[in-house]
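Chains as they are written, first to last, in the working numbering: chain B, 702 to 966; chain Z, 702 to 966; chain C, 702 to 966.
It cannot be assumed that every hint is accurate.
Stated by the list, open to error - Computed, partial: chain B to chain Z, Cβ under 8 Å:
#1 GLN725
#2 ALA728
#3 GLY823
#4 SER828
#5 LYS851
#6 PRO855
#7 GLN857
#8 TRP863
#9 HIS875
#10 GLY877
As the list claims (entries may be wrong) - Have a look at the derived ranges for each label pair, beta carbon to beta carbon:
#11 GLY898(Z) <-> GLY943(C): 52 to 60 Å
#12 LYS851(C) <-> ASP819(B): 53 to 61 Å
#13 ARG821(C) <-> GLU937(B): 51 to 59 Å
#14 ARG844(C) <-> ALA782(B): 45 to 53 Å
#15 ASP819(B) <-> ALA891(Z): 16 to 24 Å
FYI, nobody ran anything at the bench for these hints, they're computed from the structure. This structure is a prediction, so every number in the text was calculated from the model and none was measured. The C-beta atom is built at its ideal place from N, Cα and C for all residues, glycine as well.
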Amino acid sequence: MLRYYYRMIATFTDFGVPGPYLGQMHAVLHREAPGVPVVDIFTDLPAFNIRAAAYLLPAYSQYLPENNVCLCVVDPGVGTARRATVVQCDGRWYVGPDNGLFSILMRRASAAQAFIIDWRPGQLSSSFHGRDLFAPIAATLARSDPPPGKEIEPVQLLTPDWPQDLAEIVYLDHFGNAITGLRASGISTASIFEVAGKLCGFRRIFGEVEHGMLFWYENSNGLVEIALAEGYAVRELGLEVGTAIRFSVKAPPGTPLHPRQAIRG
Amino acid sequence: MLRYYYRMIATFTDFGVPGPYLGQMHAVLHREAPGVPVVDIFTDLPAFNIRAAAYLLPAYSQYLPENNVCLCVVDPGVGTARRATVVQCDGRWYVGPDNGLFSILMRRASAAQAFIIDWRPGQLSSSFHGRDLFAPIAATLARSDPPPGKEIEPVQLLTPDWPQDLAEIVYLDHFGNAITGLRASGISTASIFEVAGKLCGFRRIFGEVEHGMLFWYENSNGLVEIALAEGYAVRELGLEVGTAIRFSVKAPPGTPLHPRQAIRG
Amino acid sequence: MLRYYYRMIATFTDFGVPGPYLGQMHAVLHREAPGVPVVDIFTDLPAFNIRAAAYLLPAYSQYLPENNVCLCVVDPGVGTARRATVVQCDGRWYVGPDNGLFSILMRRASAAQAFIIDWRPGQLSSSFHGRDLFAPIAATLARSDPPPGKEIEPVQLLTPDWPQDLAEIVYLDHFGNAITGLRASGISTASIFEVAGKLCGFRRIFGEVEHGMLFWYENSNGLVEIALAEGYAVRELGLEVGTAIRFSVKAPPGTPLHPRQAIRG
Chain B
702 MLRYYYRMIA TFTDFGVPGP YLGQMHAVLH REAPGVPVVD IFTDLPAFNI
752 RAAAYLLPAY SQYLPENNVC LCVVDPGVGT ARRATVVQCD GRWYVGPDNG
802 LFSILMRRAS AAQAFIIDWR PGQLSSSFHG RDLFAPIAAT LARSDPPPGK
852 EIEPVQLLTP DWPQDLAEIV YLDHFGNAIT GLRASGISTA SIFEVAGKLC
902 GFRRIFGEVE HGMLFWYENS NGLVEIALAE GYAVRELGLE VGTAIRFSVK
952 APPGTPLHPR QAIRG
Chain Z
702 MLRYYYRMIA TFTDFGVPGP YLGQMHAVLH REAPGVPVVD IFTDLPAFNI
752 RAAAYLLPAY SQYLPENNVC LCVVDPGVGT ARRATVVQCD GRWYVGPDNG
802 LFSILMRRAS AAQAFIIDWR PGQLSSSFHG RDLFAPIAAT LARSDPPPGK
852 EIEPVQLLTP DWPQDLAEIV YLDHFGNAIT GLRASGISTA SIFEVAGKLC
902 GFRRIFGEVE HGMLFWYENS NGLVEIALAE GYAVRELGLE VGTAIRFSVK
952 APPGTPLHPR QAIRG
Chain C
702 MLRYYYRMIA TFTDFGVPGP YLGQMHAVLH REAPGVPVVD IFTDLPAFNI
752 RAAAYLLPAY SQYLPENNVC LCVVDPGVGT ARRATVVQCD GRWYVGPDNG
802 LFSILMRRAS AAQAFIIDWR PGQLSSSFHG RDLFAPIAAT LARSDPPPGK
852 EIEPVQLLTP DWPQDLAEIV YLDHFGNAIT GLRASGISTA SIFEVAGKLC
902 GFRRIFGEVE HGMLFWYENS NGLVEIALAE GYAVRELGLE VGTAIRFSVK
952 APPGTPLHPR QAIRG
């Protein structure tokens, strides 16, 4: 009984919170895996943007408990021939389309297994595999049953030739901050980035910055995030998903930035 | 014990996800029906639009498990003399105001029962019957207790004189698609619709369409849905809840549509 | 076992529903307090606005069951020296930063206890104490364990010198209504308020008002709320969080208002 409680299903989707998609998927999960809690980690991944999601996934699933099942649906190819897959990485399970979504996750994993799922439900719509196909598979794993398919070599999954870290904005948050696909752990805190023509240096916490200062920090999931003290960086700089972030050549590492200058450029 | 797990409460409301309304209703449900999962199918039904909700309800509750309790609150008449009702249709329970919300559902049901609820809570606000009145009734049903009222003939419920299917847009989704009140099952795939002055033909799946093509398809809940390949039909065509959709007289069934022509019209 | 069910965790945050913040906090709660339901009462409190949240909190937690744990995170000072606190008021628990968030709640409570939490998790990010610090504390209380800190005199908590009731708008809801920080219980229904240059008198329910009429009513949580019949008061009057509401001097209590006049001013 207790084993159930330590299983959890976490959803990562671009469905949006409003609308009938997330709720119908939850209904299937509760029906097929009674007693297993379901949490929504991302409901607003950039729509149809597999690459942005691929860089967010390892960062935002690392804090989930072992055996957690991540139900990941960013699926522009729904209804086409793309395959369904289950991946186990470092003790967590991931379910979703074989479209590259798990490629960064697997590349970084110390141990990984991959499965192609050939099971199909009795009724399969052409446009909502999150509900009809992936949710029942996630529920199967959450019940501690094996993946309903055959194991393959991880290299047989679709693995686009994407960089180790992505020097782009991959998500714009509610507080007006911009999350990038760069892991902060490998970056010197002396680094100065250029984004949308402005420079930004490192600050450890929000409390350290002056009003109106543009800065970068290591966010709570280990990624480089761009923020404007007491402001909305996204709005003020016109940032979008896909906006490039570059190590600045104008300002060599160590250059002290005047806060105002940083913003007004 | 297991019986609890197979009961589920699904909410259908126009409350919006943000704000304190949905959460307070959830709190009452968890308090009054401990252990019963609650899922939100629609949190953003068009505000105060009973008719649009009436056509969405049968389509979006058909996939819920038997004995599921649907808690439905689109209630512009809250605080007035409108009655509270419980309906059982094809094995599922529905709770909500007697304002026509269940009229399409009941008309299509193969078996239906109706109850007028005379039970009232100790404390009843004048503006939030979702929390104070309907949620406790839904919890009662989820605990397998009978409806706290008296059975009536279904014909005694308010049943507006609405058509069998509604040739209008009833919901705009997050992906920019427009859901109509037409069931696709009765419509030939050779049919061409006209919406906002543009023509659209049928495609089975998104993968079959060319970039920029306007088309209709049977969505995963069986309704006719209007979409623009790799675009936002809602924004591009200025669609709104209530926009009419017509069988085209200009283009007889079978006419092949040039994708570009379909959009630019 | 049953004791668990009667515990519940209710969140009050400014995180926004979209984005990865609320979900990660839920994951920690489910992991640390298995079987305890979690409901989100407010996910969109005005961002970083401690004062607005302080007046909403007592109104919106009063309907929660006894022993309920309220996890409250409006925390502009995250990462700075501000303390973590647990408060017990009238049988309910509250967890959050010591920044004034609980000051109105405690001032009105008939019985209150306060605790400073010195426990810290093994891993503490600098920007997400909701997930790393406050959620584990809430889970501890939900498991019926004592607060992991030492009791202090309530007066030692940060208690800003704010008025008993706040004559300002503190929240704009999805239906276009504006919630104020004024408790309706102490206000005569003959009172006429002035907001954004317009006058508004009292109506008990929405059903009593004429189309287009601006009015105030006691909302379902006991606060004075400004609404426009069949319209969006917030949009039409340009209301914002912080907009003042005044007892009108122009119109003495009792003056009958012509509905149209009330809006057009």
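Would you list, in rising numerical order, the hints stated earlier that this structure does not obey? 3, 5, 6, 7, 8, 9, 10, 11, 13, 15
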